[in-house]
Amino acid sequence: MKKIRTKWTKKHLLGIEELSAEEINLILDQAQGFKEVLERPIPKVPTLRGKTIVNLFCEPSTRTRSSFELAAKRLSADTLSVAASSSSFLKGETLKDTARNIEAMKIDMIIMRHSCAGAPYFLSKWVDASVINAGDGAHEHPTQALLDVFTIKEKLGKVKGRNISIIGDIAHSRVARSNIWALTKLGASVTVCGPKTLIPAGIEKMGVRVACGLEEALKDADVLNVLRIQLERQKKAFFPSIREYVKVFGINRESLEKYARKDVLIMHPGPINRGVELSQDVADGKYSVILEQVTNGVAVRMAVLFLLSHMK
Amino acid sequence: MDILIKNGRIIDPVQGIDKKGDILVEKGKISQIGGTIKKDKVETIDAKGKIVAPGFIDMHSHLREPGREDQETIDTGLRAAVKGGFTKVAAMPNTDPVCDSQAQVKFLLERAAEVKKAGLLPVGAITKGRNGEQLTEMEELKEAGCLSISDDGSSVDNADLMRRAMEYASMVGLLVISHCEDRELAGDGVMHEGFWSTVLGMKPIPAEAESTIVERDIQLAEMTGARLHIAHVSTAKSVAIIRGAKKRGVQVTAEVTPHHLTLRDEDLKEFDANMKVNPPLRAAADVKALKEALKDGTIDAIATDHAPHLESEKEKEFDYAPFGMIGLETALPLAARLVEEKYLDWTGLVEKLSAAPARILGCPGGTLKKGEAADIVIIDPEQEWTYTKDKVVSRSSNSPFLGWKLKGAVTDTIVGGKIAVRDGKIA
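In order, the protein sequences belong to chains H and S. Once you know that position 144 of the first sequence is 144 in the working numbering, the rest is easy, because the numbers rise by one and skip nothing. Once you know that position 137 of the second sequence is 1137 in the working numbering, the rest is easy, because the numbers rise by one and skip nothing.
Treat the hints with care, as some may be off.
Said to hold, decoys possible - Distance condition first, Cα-Cα at most 25 Å in a straight line; then the derived SDA-like pairs of lysine to any residue: (1) S:1269 / H:201; (2) S:1269 / H:18; (3) S:1316 / H:60; (4) H:205 / S:1208; (5) H:125 / S:1182; (6) S:1316 / H:104; (7) S:1316 / H:115; (8) H:205 / S:1195; (9) S:1269 / H:124; (10) H:236 / S:1267; (11) H:96 / S:1311; (12) H:10 / S:1272; (13) H:10 / S:1316; (14) S:1006 / S:1020; (15) H:236 / S:1188; (16) S:1288 / H:206; (17) H:235 / S:1208; (18) H:235 / S:1187; (19) S:1316 / H:206; (20) S:1316 / H:105; (21) H:196 / S:1182.
Stated by the list, open to error - Here are some of the chain H residues that sit facing chain S, going by a computed Cβ distance under 10 Å: (22) 116; (23) 117; (24) 121; (25) 136.
To be verified - Covered stretches of chain S, as calculated for chain H (at least 3 residues, CB under 8 Å): (26) 1101-1111; (27) 1312-1325.
Hints are computed from structural coordinates only; laboratory data are not their basis. All C-beta atoms in this analysis are idealised placements derived from N, C-alpha and C, irrespective of residue type, glycine included.
Isolated chain H, as found in the complex (with noise of 0.2 Å):
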């Protein structure tokens, strides 16, 4: 494995919002090293053995839990899952006294996934413990971004100069805050698509455009990354119906055809809503790097479990 100079100072891993290039850069280098253990008979490397790695996941995951886990195994790490649905969280127990509890069983890392935004900061505020947001409400998910863009840096050489249009529901979304600072810092140029009633306010000043309409949003794109919408959205008056959202943002054949250009890359991060924001045979469509985005994702875990537990 290429051995990089870890340059790495930070203790916890809470948004990309503070993050420089450089240090994402150190990331995606590091995700590219581990990738390739991954490609062995025995994808496995001892460099963090005994070091215990604690998964706090107060909300459903698939893929960050399970990827995250993985990515922990695959360097030798212990690891403990919690998750919040069958623990004392439904007694009533508050997050710091869970996370104290845990720290007192001596661990190293706390991975988190919390429905609100912040509880990564204030759960590294209580805790001794190097502190990894896996997502925090719609705040940030740092290292979705960090594989999304792994992944377009992977399929189209570079990230600079890119367009990269981000499609569906803005407003609720911590994977469109964290991919718009990671892709703004890298020099891509970034655009943001939905209803009007799921753009937040002032968006602009993250320094992406607003795309008016799919038409927009599509032309000159390379990646459009489209993100789930809510079902329970429809019942907040987001918008009037799901048929009116596909008949208007659906990312399908048609619209493709008509607004994108034929190679633009497909990516999600998933669970997908087949038929909703993607048509079936998109989300499978030759140009689909989705199941990449993936296996990307545990190299890029690797990466920051490693920096974090070797940081300076």
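Got chain H; can you put chain S on it based on the hints?
Just chain S, lined up with the frame of chain H:
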């Protein structure tokens, strides 16, 4: 014991006084003011280099008793009040039980009389149990001792009910204090809707949640002839509406909190739940508009909205923490920044903290006139101090200003001629 305050800079906006002199307090009343006074067998307070002003009156405080004595009691709350220079505090009725009957009002007045610190002005509820459905017996509330009513904590959602409440209140002669918030527009938001709520991914509360109800209540006040006071104004939009209404001659007054003048939505980037307040901290442009509004008189008073919460209640994920911060003990130094920033002079500041609240509520105080009860605050405008947890007098310490270096301190507070705070210590 009688008190002689010497060498202070006496500021009394009501009498138009701003000059050095002495004040003599005899038998609980101001007996002489100005010039050099000589008297023996008195407690002498040397106010050299200090400002001597009418005791502050907080138009908006939550003392939590009855119901949440773990957060604050009338005792601890009124102690915090005098420490902050307040000689009278209006207690909001969202207690448990709600202050919506003569029995509740009398309980509050009795407790305050037992505690013997600052005076307590009970604010009665507009609706029974603050349920937004049935009017309280306002005549009874007035007789028991209320000067004002409010459902603070929420708006009266039903506009027709608010109209009738104002009509009735104006008949009885009660000030209506309105917490203006459209429940649906605010939704489950936790911070101001703007660039920062977008960056932080937090559920937003638009400015319009406040301003639409400010507009509504002002129109209802115009219609009914009621005296309306807008609580904790936080947005430029609301300021503009109030300014226009005053120009038209509507009987509306308004207050702003020290924290809305000091902090902005951007300050929430550390997710400190002690900054979670309702109405939320707003954008820089709103803060500027609030300061301009104090300067031009659109906003009449500064009130704390002192809202104690337990440490365990605030030490949570931002979304789960309750709204509110304490403020009685930091009001003066934070408000004094307006003088530094040249929005107000000291006379103007004393007006906002003392004279205006008295005038709006219609209570005695807010002045150093001869013959008035001696409610006096002595301020050292230059004293620098750090607000630390061990100094907090309130039972709760949910303040984002802990650790701040502050300038301006209340050194002595006199309530009804009795020394409540002497040299920064509660007597």
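Structure-based check of each hint:
| no. | hint | in the structure |
| --- | --- | --- |
| 1 | S:1269 / H:201 | 16 Å, holds |
| 2 | S:1269 / H:18 | 12 Å, holds |
| 3 | S:1316 / H:60 | 21 Å, holds |
| 4 | H:205 / S:1208 | 21 Å, holds |
| 5 | H:125 / S:1182 | 35 Å, violated |
| 6 | S:1316 / H:104 | 20 Å, holds |
| 7 | S:1316 / H:115 | 13 Å, holds |
| 8 | H:205 / S:1195 | 7 Å, holds |
| 9 | S:1269 / H:124 | 14 Å, holds |
| 10 | H:236 / S:1267 | 29 Å, violated |
| 11 | H:96 / S:1311 | 12 Å, holds |
| 12 | H:10 / S:1272 | 21 Å, holds |
| 13 | H:10 / S:1316 | 24 Å, holds |
| 14 | S:1006 / S:1020 | 9 Å, holds |
| 15 | H:236 / S:1188 | 12 Å, holds |
| 16 | S:1288 / H:206 | 23 Å, holds |
| 17 | H:235 / S:1208 | 22 Å, holds |
| 18 | H:235 / S:1187 | 14 Å, holds |
| 19 | S:1316 / H:206 | 28 Å, violated |
| 20 | S:1316 / H:105 | 22 Å, holds |
| 21 | H:196 / S:1182 | 22 Å, holds |
| 22 | 116 | 4 Å, holds |
| 23 | 117 | 4 Å, holds |
| 24 | 121 | 5 Å, holds |
| 25 | 136 | 7 Å, holds |
| 26 | 1101-1111 | violated (count 0) |
| 27 | 1312-1325 | holds (count 7) |
Checked against the numbered hints given earlier, the structure breaks hints 5, 10, 19 and 26 and satisfies all the rest.
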